[in-house]
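Peer 1: The primary structure of each chain is shown beneath.
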Amino acid sequence: MTTTEPTPQREKSRPSSGTGTRGTRILGISTIVAMVWLVAFGLGFSPADRDQDEAVRILYVHVPTIWVAYISFVVTAVASGIYLFSKRKSLGWDRLAGASAEIGTVFVAVTLVVGALWGRLTWGVFWQWDARLTTTALLFVTYIGYLAVRRLDGTHEQRARRSAVIGLLAVLEIPLVHWSVRLWRSLHQEATVLDTDGNTDMDGLMLFSLFVGVIAFTLLYLWLVLHRTRTMAMADILEDRGLDQALADRRAESDEFDRRAGTAEGGAG
Amino acid sequence: MNVWRLARLVARKDLQIEWNSRVLLNQVLPFAGVTMVIFAFALDSDAVLERVAPGLVWLATMFSMLVLVQRTFAVETDDGALDALRVAGTDARAIFLGKAMSLGAQLLVLEAVLLLAAVVLYRQTVPVGGAVLLVTTSISATCGLAAVGTLYGGLAAGFRGRETLLPLLTLPAVAPVLIGATRAVEAALGTAGAVVSDGWPWVGLLVVFAVAFGVGGSLAFGPLIDE
Amino acid sequence: MEDAGFIIGSYVLTFATVGLLAWRYVRVGRRLAEQVPDEDKYWI
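Protein chains in written order, with our numbering: chain A, 1 to 269; chain B, 270 to 496; chain C, 497 to 540.
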């Protein structure tokens, strides 16, 4: 005799292992290959500089890191703007803004430290208060602030709105800081030991190494931002699920309480 | 109701509250005074103090402003007054402008006191020729500071970490004011050979800053504090 | 030659930081991915 069985629970397919896709694997491998090239050319094939000697080799990682930081912050600003001004406020833009800002902040930090090492070799000092360094330092602190705002309590939508506003205010603040610092330092020419515009006369091979570095780090940025955005999406989902679960638990609790209370009085009812 | 009219009402309410609670008088001004004194302990040289006095005045202003903003917004948050205003449908721009005006007025008082302290403690003199520059600098710098303070003060107000969040957001943002106002006051006072005409470009910067954050702040305030 | 130290140090610092960041992202990604069903993963 055939029995009608209830539809079996759809077997949940084993969840995929991470945030990787074929696209990111290709991206990842390209990044590694490019990095190998960078090291080979940066530390090996490219010549020493006329003025800076071997110290110029640091620039092949230093310039790409600040380049990535700038890209990151532009992406954050654009994504913030899109989130804030679009009708359908898709949180994906907020997550992209956040992921990009996080990556950018790390890269600014690396830039500042490596830049200090470079400065020690070329200028003899780890730091000087010129326009570029000062602005970069303030850039770093500004985005630390942005990340702090992202961590404030609230719903995802609140987080998104606040961060988007802060992200756009950063676009306002950074130029103001830059101009004021430029104006300030232009009055103190004697403080600049070496022209930090870095107008080093670069020959072909050096430019190529720099180019490889920029390409490599751009690929790296793309890889990082994709993974981080996906992770943030999952974190948001789990947070929502956790909240739903907590609400469901509370409801079950109160239902149970009502039920028990009803049963206790039930005799007369 | 017109935004400006509403803003004036908000400003008047805030100043009334300040008058009653005396936060500026009892808490912030003493703090500012103490700061000016301990600068002298740290720097230990009359010559150095004289040279850096304008900078110290503005540093003391910045730090005192953080205390002032925290206290002012604490009053609001404790009673949920800010939320009540918003729920009542008050234009966020008016709230922002009103609060900024009130904060600005208090900052002007603070700055006047600090300047007096600098005259007494750091041997500063105000040449007649520099007085106009001094006043203009103070007003334009204050507008910018008030805008930034109100904006980030409003954001930080509702949260546990506000004591650290407010300085973190505010100080990098007001760096241009610190740079510009100090240079302008140095020019007004003739510090280290500066002349009054050196100061006016800086006032220009301060005005641009004030306008940028005045406009930006009034637009950002609503979305930032809305829950 | 102290220069070499600084230069190698710069490269090591840069790649180490980047590597740590990447490793952290992948690790957290793997941990969360176990708890989130595939249909919620928009990249699949």
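Keep in mind that a hint or two might mislead.
[Said to hold, decoys possible] Computed from the model, here is a short list of chain A residues facing chain B with C-beta under 7 Å:
no.	residue
1	Val78
2	Gly81
3	Phe85
4	Leu138
5	Val141
6	Thr142
7	Leu147
8	Arg161
9	Val165
10	Val171
11	Leu172
12	Glu173
13	Ser180
[Unchecked claim] Label pairs and their calculated CB-CB ranges:
no.	chain 1	residue 1	chain 2	residue 2	range
14	B	Val484	C	Leu509	22 to 28 Å
15	C	Leu516	A	Ala40	31 to 37 Å
16	B	Ile408	C	Glu535	58 to 64 Å
17	C	Glu535	A	Glu256	27 to 33 Å
18	A	Val125	B	Asp313	21 to 27 Å
The hints are simulated quantities; they were obtained by calculation from the structure and are not laboratory data.
Ideal placement from N, C-alpha and C gives every residue a C-beta, glycine not left out.
Peer 1: Does each hint hold? Answer for all of them.
Peer 2: Each hint, compared with the structure:
Violation of the interface hint for Val78 (chain A) is found here, the shortest Cβ-Cβ separation to chain B being roughly 17 Å, above the 7 Å cut-off. With 7 Å as the threshold, the beta carbon of Gly81 (chain A) stays out of range of chain B, its nearest partner Cβ sitting at about 12 Å, so the hint is violated. Against a cut-off of 7 Å between C-beta atoms, the interface hint on Phe85 (chain A) is violated, since the closest Cβ of chain B lies about 11 Å away. About 5 Å separates the beta-carbon of Leu138 (chain A) from the nearest beta-carbon of chain B, less than 7 Å, and the hint is met.
A distance limit of 7 Å between C-beta atoms decides the matter here; for Val141 (chain A) the minimum to chain B is near 5 Å, and the interface restraint holds. Evaluation of the Thr142 (chain A) hint against chain B yields a held restraint, the C-beta minimum of about 5 Å falling below 7 Å. The criterion of a C-beta within 7 Å of any C-beta in chain B is not met by Leu147 (chain A), whose closest approach is roughly 10 Å, and the hint is violated. Below 7 Å, beta-carbon pairs count as interface contacts, and Arg161 (chain A) has one with chain B at about 5 Å; its hint therefore holds.
Residue-level restraint check for Val165 (chain A) holds (minimum Cβ-Cβ distance to chain B is 5 Å; threshold 7 Å). Here the hint on Val171 (chain A) is broken, as its CB sits about 10 Å from the closest CB of chain B, past 7 Å. The criterion of a C-beta within 7 Å of any C-beta in chain B is met by Leu172 (chain A), whose closest approach is roughly 5 Å, and the hint holds. A hinted interface residue such as Glu173 (chain A) counts as satisfied when its beta carbon comes closer than 7 Å to some beta carbon of chain B; here the least separation is about 5 Å, so the hint holds.
With a least beta-carbon distance of about 4 Å to chain B, the hint placing Ser180 (chain A) at the interface is held under the 7 Å criterion. For Val484 (chain B) and Leu509 (chain C), the hinted distance range of 22 to 28 Å is not satisfied, since their beta carbons lie about 42 Å from each other. Separation of Leu516 (chain C) from Ala40 (chain A) is about 23 Å and departs from the stated range, judged on CB atoms against 31 to 37 Å. Between Ile408 (chain B) and Glu535 (chain C) the beta carbons are some 60 Å apart, a value that agrees with the proposed interval 58 to 64 Å.
In this structure the supplied range 27 to 33 Å holds for Glu535 (chain C) paired with Glu256 (chain A), their Cβ-Cβ distance being about 32 Å. The given range of 21 to 27 Å is respected by Val125 (chain A) and Asp313 (chain B), whose C-beta atoms sit roughly 25 Å from each other.
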